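Take the two lone chains, each set in its own frame, and fit them into one complex as the hints suggest.
Okay, here's what each chain looks like letter by letter:
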Amino acid sequence: AQRVTQPEKLLSVFKGAPVELKCNYSYSGSPELFWYVQYSRQRLQLLLRHISRESIKGFTADLNKGETSFHLKKPFAQEEDSAMYYCAHLRAAGNKLTFGGGTRVLVKP
Amino acid sequence: EADIYQTPRYLVIGTGKKITLECSQTMGHDKMYWYQQDPGMELHLIHYSYGVNSTEKGDLSSESTVSRIRTEHFPLTLESARPSHTSQYLCASSDRYGRNYGYTFGSGTRLTVV
Numbered sequence: 001a002q003r004v005t006q007p008e009k010l011l012s013v014f015k016g017a018p019v020e021l022k023c024n025y026s027y028s029g030s031p032e033l034f035w036y037v038q039y040s041r042q043r044l045q046l047l048l049r050h051i052s053r054e055s056i057k058g059f060t061a062d063l064n065k066g067e068t069s070f071h072l073k074k075p076f077a078q079e080e081d082s083a084m085y086y087c088a089h090l091r092a093a094g095n096k097l098t099f100g101g102g103t104r105v106l107v108k109p
Numbered sequence: 001e002a003d004i005y006q007t008p009r010y011l012v013i014g015t016g017k018k019i020t021l022e023c024s025q026t027m028g029h030d031k032m033y034w035y036q037q038d039p040g041m042e043l044h045l046i047h048y049s050y051g052v053n054s055t056e057k058g059d060l061s062s063e064s065t066v067s068r069i070r071t072e073h074f075p076l077t078l079e080s081a082r083p084s085h086t087s088q089y090l091c092a093s094s095d096r097y098g099r100n101y102g103y104t105f106g107s108g109t110r111l112t113v114v
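Line by line, the protein sequences are chains A and B. Following my numbering, the numbering of the first sequence begins with 1 at its first residue and continues without gaps. Following my numbering, the numbering of the second sequence begins with 1 at its first residue and continues without gaps.
Just to be clear, a hint being listed does not mean it is correct.
Simulated restraints, written as ranges between beta carbons of each label pair [stated by the list, open to error]:
#1 A:Leu11 x B:Thr86: 26 to 32 Å
#2 B:Thr77 x A:Lys65: 38 to 44 Å
#3 B:Thr15 x A:Arg41: 26 to 32 Å
#4 B:Pro83 x A:Leu11: 15 to 21 Å
#5 A:Leu10 x B:Tyr101: 25 to 31 Å
#6 A:Pro18 x B:Thr71: 28 to 34 Å
#7 A:Glu79 x B:Ser67: 39 to 45 Å
#8 A:Ala93 x B:Met27: 19 to 25 Å
#9 A:Lys9 x B:Pro83: 23 to 29 Å
#10 A:Glu20 x B:Thr71: 37 to 43 Å
#11 A:Tyr39 x B:Asp38: 15 to 21 Å
#12 A:Lys65 x B:Asp59: 20 to 26 Å
#13 B:Val52 x A:Asp62: 36 to 42 Å
Think of the hints as simulated: they come from the structure by calculation, not from any bench. All of these numbers come straight from a predicted model, not from anything done at the bench. We treat Cβ as the ideally placed atom computed from N, Cα and C, and that holds for glycine.
The shape of chain B in the complex, shown without the other chains (with noise of 0.2 Å):
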């Protein structure tokens, strides 16, 4: 079945570890976005990516890293992870317009940095 899948759910993880947040999708879709939401709190974009090798920083400023090596992967990296890192990650994609279907997001990532 097509969809976006996000690993893991749920990480603690301690300072200064290094963390990869896993997105995929089957979808066929171009284009692939990462939110961050604090709890009760609005999305903010961090990341988008228009295609393979296409990268750029979203709204809101992050720490984070990303990649788009193939077309149907899209992680994010912390080199150094901190407790002002602690939030819900959440992947999306969308195919070429966005307008006609919106965006599909993934199940999120909730990372706590200890």
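Chain A on its own, in the form it takes in the complex (with noise of 0.2 Å):
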């Protein structure tokens, strides 16, 4: 089945380090690929799109079509930065999002 996997659910660093969150995608072809983030009380938002390359409150994402990854990175997290995030595909049939399970960053002090 064509999946989108997040294999952390939780990751916990401390401020000023780095991290990256995981994301590996099933799907053949050109993937359309995009982050979502999702802070405490607010709504799903998109975070990044695989085709504009660009970096949104430090983050960063490349897509690896060898290793079927899109992981998401920061170098230097910060504690407004703690919040669900979720990789999500879209399907050229139908236009619709995949989402994978969410992985929790939690940023420490």
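Structure below.
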């Protein structure tokens, strides 16, 4: 089955340390991948799109087709980065988003 | 301000009651979606719509139904609520291609059936 996998349920890091959230996908072809974030008491919102190759809030994500991965990275985590992060794949058929299970990031002071 | 709105934010209701969760967007998006999410778990697509009078079931089987009579409105209905329907329901919308800006999500409705 086509899936998006986030192997870590929880990542706990200290402020200023690097953080990397893993995402693997099992789709063939050219994937359309996203990272979404949900801060406490806020709605789910788009963080990054792989097609834009942008850096948002210090986060970057690189698509590695050989490893079928789209890991999210930030070199120096901040306390305000504590949130729930979801990796998602947009299926070409129907423009439907499939989400991974999510990773909760806790940045400790 | 263009946005997507869900009401109610929280709903506690008794078993057997009929409920409708409201979702409206003022973004002019063609496509709308309903996701179900249990606490700390992944989101599952339960319904989607490509436009007026177009609705399809999603990946996760759901006893709920939806309608799309107007572009901006995509309500979800449960004819007879059961405790197994307790969950968070998220509504989302996207432009025609989705890949450009992804989805915009509402704040969600947290439903508890007692």
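Between the beta carbons of Ala93 of chain A and Met27 of chain B, is the distance compatible with 19 to 25 Å? 23 Å, holds
Within 26 to 32 Å: is that where the Cβ-Cβ distance between Leu11 of chain A and Thr86 of chain B falls? At roughly 28 Å between Cβ atoms, Thr86 of chain B and Leu11 of chain A fall inside 26 to 32 Å, so the hint holds.
Measuring from beta carbon to beta carbon, are Val52 of chain B and Asp62 of chain A in 36 to 42 Å? 40 Å, holds
May I ask you to test the hint 23 to 29 Å on the CB atoms belonging to Lys9 of chain A and Pro83 of chain B? 26 Å, holds
Can you let me know if the beta-carbon spacing of Glu20 of chain A and Thr71 of chain B is within 37 to 43 Å? About 41 Å separates the Cβ atoms of Glu20 of chain A and Thr71 of chain B, which means 37 to 43 Å holds.
Should the hint that Tyr39 of chain A and Asp38 of chain B are 15 to 21 Å apart at their CB atoms be regarded as holding? 19 Å, holds
Check the following: the C-beta atoms of Thr77 of chain B and Lys65 of chain A are separated by a distance inside 38 to 44 Å. Holds: the Cβ-Cβ distance is about 42 Å, inside 38 to 44 Å.
Between Leu10 of chain A and Tyr101 of chain B, does the beta-carbon spacing fit 25 to 31 Å? Given a distance of about 29 Å, which is inside 25 to 31 Å, the answer is holds.
For the range 26 to 32 Å, tell me whether the beta carbons of Thr15 of chain B and Arg41 of chain A fit it or not. Since Thr15 of chain B and Arg41 of chain A have Cβ atoms about 29 Å apart, the given range 26 to 32 Å holds.
Falls inside 39 to 45 Å, the C-beta gap from Glu79 of chain A to Ser67 of chain B? Holds, since Glu79 of chain A and Ser67 of chain B (Cβ atoms, about 43 Å apart) stay within the stated range.
Check the following: the C-beta atoms of Lys65 of chain A and Asp59 of chain B are separated by a distance inside 20 to 26 Å. 24 Å, holds
Regarding Pro83 of chain B and Leu11 of chain A, is the given constraint of 15 to 21 Å on their beta-carbon distance met? 33 Å, violated
Consistency with the previously given hints fails for numbers 4 and 6, ordered from lowest to highest.
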